[in-house]
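In the order they appear, the protein sequences are chains A and B.
For the first sequence, the UniProt record's numbering begins at 1 and goes up steadily by one.
For the second sequence, the UniProt record's numbering begins at 1 and goes up steadily by one.
Partial selection, computed: residues in chain B whose CB lies under 7 Å from chain A:
id : residue
1  : Glu6
2  : Ile38
3  : Tyr205
4  : Gln217
5  : Ile224
6  : Lys225
7  : Leu227
8  : Ala228
9  : Glu238
10 : Gly256
With a Cα cut of at most 30 Å, we get these calculated DSS-like pairs of lysine-lysine:
id : chain 1 : residue 1 : chain 2 : residue 2
11 : B       : Lys247    : A       : Lys247
12 : B       : Lys247    : A       : Lys225
13 : B       : Lys51     : A       : Lys225
14 : B       : Lys60     : A       : Lys30
15 : A       : Lys225    : B       : Lys56
16 : B       : Lys273    : A       : Lys226
17 : B       : Lys52     : A       : Lys226
18 : A       : Lys33     : B       : Lys247
19 : B       : Lys273    : A       : Lys199
20 : B       : Lys60     : A       : Lys16
21 : B       : Lys226    : A       : Lys51
22 : A       : Lys52     : B       : Lys33
23 : A       : Lys51     : A       : Lys33
24 : B       : Lys121    : A       : Lys273
25 : A       : Lys225    : A       : Lys16
26 : B       : Lys60     : A       : Lys104
27 : B       : Lys56     : A       : Lys226
28 : B       : Lys225    : A       : Lys51
29 : A       : Lys173    : A       : Lys157
30 : A       : Lys56     : B       : Lys16
31 : A       : Lys225    : B       : Lys273
32 : A       : Lys114    : B       : Lys60
33 : A       : Lys247    : B       : Lys30
34 : A       : Lys52     : B       : Lys30
35 : A       : Lys247    : B       : Lys27
36 : B       : Lys51     : A       : Lys27
37 : A       : Lys33     : B       : Lys56
38 : A       : Lys51     : B       : Lys33
39 : A       : Lys104    : B       : Lys51
40 : B       : Lys60     : A       : Lys226
No wet-lab data here; the hints were simulated from the structure.
In this text, a Cβ means the ideal position worked out from N, Cα and C, and glycines have one as well.
There are 2 protein chains.
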Amino acid sequence: MDWGTELWDQCDIIDKHTQSGLDLVEKYVKFVKERTEIEQNYAKQLRNLTKKYSPKRGSKEEQECRFSNHQAFLDILNEMNDYTGQRELIAENMMINICIELTKYLQELKQERKMHLSEAKKAQQSLESTYKQLDNSKKRFEREWREAEKAAQCAEKTDQDLNATKADVEKAKQQAHMRTHIAEECKNDYASQLQKYNKEQNQFYFTDMPLVFNRLQDMDERRIKKLAHGYILFADTERHVMPIIGKCLEGMTRTGTNVNERNDSVVLIEQHKSGFERPGDVEFEDYSQGINRASSDSSLGTPKGPLELLGKNKNKTFRLFNKKSKVGFTTL
Amino acid sequence: MDWGTELWDQCDIIDKHTQSGLDLVEKYVKFVKERTEIEQNYAKQLRNLTKKYSPKRGSKEEQECRFSNHQAFLDILNEMNDYTGQRELIAENMMINICIELTKYLQELKQERKMHLSEAKKAQQSLESTYKQLDNSKKRFEREWREAEKAAQCAEKTDQDLNATKADVEKAKQQAHMRTHIAEECKNDYASQLQKYNKEQNQFYFTDMPLVFNRLQDMDERRIKKLAHGYILFADTERHVMPIIGKCLEGMTRTGTNVNERNDSVVLIEQHKSGFERPGDVEFEDYSQGINRASSDSSLGTPKGPLELLGKNKNKTFRLFNKKSKVGFTTL
Numbered sequence: 001m002d003w004g005t006e007l008w009d010q011c012d013i014i015d016k017h018t019q020s021g022l023d024l025v026e027k028y029v030k031f032v033k034e035r036t037e038i039e040q041n042y043a044k045q046l047r048n049l050t051k052k053y054s055p056k057r058g059s060k061e062e063q064e065c066r067f068s069n070h071q072a073f074l075d076i077l078n079e080m081n082d083y084t085g086q087r088e089l090i091a092e093n094m095m096i097n098i099c100i101e102l103t104k105y106l107q108e109l110k111q112e113r114k115m116h117l118s119e120a121k122k123a124q125q126s127l128e129s130t131y132k133q134l135d136n137s138k139k140r141f142e143r144e145w146r147e148a149e150k151a152a153q154c155a156e157k158t159d160q161d162l163n164a165t166k167a168d169v170e171k172a173k174q175q176a177h178m179r180t181h182i183a184e185e186c187k188n189d190y191a192s193q194l195q196k197y198n199k200e201q202n203q204f205y206f207t208d209m210p211l212v213f214n215r216l217q218d219m220d221e222r223r224i225k226k227l228a229h230g231y232i233l234f235a236d237t238e239r240h241v242m243p244i245i246g247k248c249l250e251g252m253t254r255t256g257t258n259v260n261e262r263n264d265s266v267v268l269i270e271q272h273k274s275g276f277e278r279p280g281d282v283e284f285e286d287y288s289q290g291i292n293r294a295s296s297d298s299s300l301g302t303p304k305g306p307l308e309l310l311g312k313n314k315n316k317t318f319r320l321f322n323k324k325s326k327v328g329f330t331t332l
Numbered sequence: 001m002d003w004g005t006e007l008w009d010q011c012d013i014i015d016k017h018t019q020s021g022l023d024l025v026e027k028y029v030k031f032v033k034e035r036t037e038i039e040q041n042y043a044k045q046l047r048n049l050t051k052k053y054s055p056k057r058g059s060k061e062e063q064e065c066r067f068s069n070h071q072a073f074l075d076i077l078n079e080m081n082d083y084t085g086q087r088e089l090i091a092e093n094m095m096i097n098i099c100i101e102l103t104k105y106l107q108e109l110k111q112e113r114k115m116h117l118s119e120a121k122k123a124q125q126s127l128e129s130t131y132k133q134l135d136n137s138k139k140r141f142e143r144e145w146r147e148a149e150k151a152a153q154c155a156e157k158t159d160q161d162l163n164a165t166k167a168d169v170e171k172a173k174q175q176a177h178m179r180t181h182i183a184e185e186c187k188n189d190y191a192s193q194l195q196k197y198n199k200e201q202n203q204f205y206f207t208d209m210p211l212v213f214n215r216l217q218d219m220d221e222r223r224i225k226k227l228a229h230g231y232i233l234f235a236d237t238e239r240h241v242m243p244i245i246g247k248c249l250e251g252m253t254r255t256g257t258n259v260n261e262r263n264d265s266v267v268l269i270e271q272h273k274s275g276f277e278r279p280g281d282v283e284f285e286d287y288s289q290g291i292n293r294a295s296s297d298s299s300l301g302t303p304k305g306p307l308e309l310l311g312k313n314k315n316k317t318f319r320l321f322n323k324k325s326k327v328g329f330t331t332l
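Model the full assembly from the supplied sequences, consistent with the hints where possible.
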């Protein structure tokens with residue numbers, strides 16, 4: 001079943017159908033292009049998101065990475081970055097392997113289709129031109145034959161005319177003979193034109209146009225094959241990176257699993273343990289046994305009350321928990 | 001290793017550390033919220049894309065779905081819709097299972113932390129108050145003992161004063177005795193206050209504050225556990241829908257694989273084949289054998305030239321390929 005045989009009289013349909021096929025490719029390319037723009041935009045937003053939440057170098061957040069629950073967040077951001085890279089790859093590969101590839105192919109097909117249709121048109125114009133010649137030739141034959149008949153009638157009439165001279169009769173007969181001869185020549189010409197036309201018409205309907213239509217069919221089938229490949233690439237581009245995306249997601253899950261809350265508590269201890277003993281009992285200062293009275297006015301060696309344990313007092317001299325001063329309650 | 005024992009003098013650090021932990025949860029919730037917004041936006045754009053390219057009901061595009069390469073594009077759009085639904089599900093589940101859940105938990109933790117810190121503050125204030133009492137009591141004892149000594153010296157001086165009367169001596173001795181008695185009472189009070197303070201201080205450093213710090217540690221570890229679960233959910237939400245997304249992508253690939261270009265060519269034939277034979281040879285009209293001359297002027301039964309095969313002529317009477325008129329070249 002081919003178009004050349006089955007659709008020999010459906011050139012208009014084939015014209016429209018192949019155009020509609022190219023339109024579909026064009027539409028699909030546009031669709032994929034818009035999809036890649038969405039992917040790029042999505043990836044860009046994800047990049048901005050991870051960037052926004054990534055700690056600045058030497059910041060407080062970076063220092064807090066000693067704690068696994070802080071570090072895990074940074075690990076997730078890192079995995080997100082890899083993840084985003086894969087989304088960018090999807091956009092890029094769709095653009096290169098589908099949009100650019102199909103656009104290039106589309107241009108070739110447009111050229112090819114134009115060529116086939118122009119060949120069909122040329123063949124048709126040639127047949128039309130031959131037909132016009134045939135028509136002219138036929139009309140001339142008809143006209144000349146009428147003239148010849150008229151001349152024959154005229155000769156017959158002259159022959160039966162009692163008043164006609166022999167010369168008149170001879171002249172009319174010659175005229176009729178000449179006319180018949182011309183008409184015969186026109187008939188031969190008409191016959192020859194008809195033969196030429198029929199040969200060309202046969203060539204047109206049984207060889208030339210079927211060839212053009214079959215080439216258009218072949219072109220359309222190649223277009224469909226290429227488009228179908230483009231369809232497959234649309235999903236496969238993403239399927240191709242899915243294992244890596246899966247690995248990124250696994251990495252994020254692992255990062256969550258690796259968080260160790262007990263360990264984070266210990267890290268805080270290791271970082272901030274002063275090593276001092278908790279204050280023992282305040283001793284009794286027995287003035288009645290004559291201790292140095294001056295010392296009772298001095299702040300040294302005298303309990304000054306429980307120190308600012310809750311860190312609300314911003315007076316530095318009272319903040320004994322300041323990591324750098326390393327002064328504990330043992331001064332009491 | 002627990003904070004209550006090891007970090008007994010690091011209340012300020014514990015305060016800041018637990019606050020920083022809550023800040024991290026808050027930051028993570030914000031991060032996930034922004035991620036869901038990106039996902040929702042992404043899904044919305046994908047929805048708009050498929051909607052834009054889906055054919056209107058009864059449109060030309062819909063009719064062209066008889067061709068597998070057109071139908072495949074619609075199948076891809078349908079799969080894209082399912083795919084988009086999964087992206088929406090990711091956004092929705094992240095919002096519900098991470099953002100809302102952690103925000104709720106965060107409120108509880110904030111309350112709990114406030115409560116623990118307020119308990120610590122209360123205990124400290126109570127100890128400070130007891131200390132002030134102790135200090136006052138000690139100062140009174142010191143002051144009264146000094147007065148008693150002064151009175152004793154005065155009594156001794158009076159006793160050795162040759163001009164002093166016996167009554168003077170007796171009065172001074174009584175005064176000294178009274179002062180000593182008062183001082184002894186103050187000493188007892190100081191001793192009792194000291195005992196009370198030491199008991200409370202011990203309770204403070206060895207029981208109350210460690211309890212508060214350990215509760216804060218426990219709270220922080222619960223926070224970390226919950227946050228780690230939130231980290232795991234971040235990736236698992238997406239991993240959960242990956243098989244379905246994979247199925248959508250498989251569906252798209254299959255749709256591309258199912259495109260059959262040969263079949264599409266046949267569908268066009270079945271749809272548009274006129275069934276007419278291609279025109280045979282144009283017959284010779286021999287006027288010399290006396291055919292009906294009138295017929296040569298009539299358009300019927302006379303070749304009118306090759307018909308508009310390329311569909312460029314918009315004159316309807318010449319468009320024999322119009323599907324509805326079903327008139328072929330056989331009229332020639």
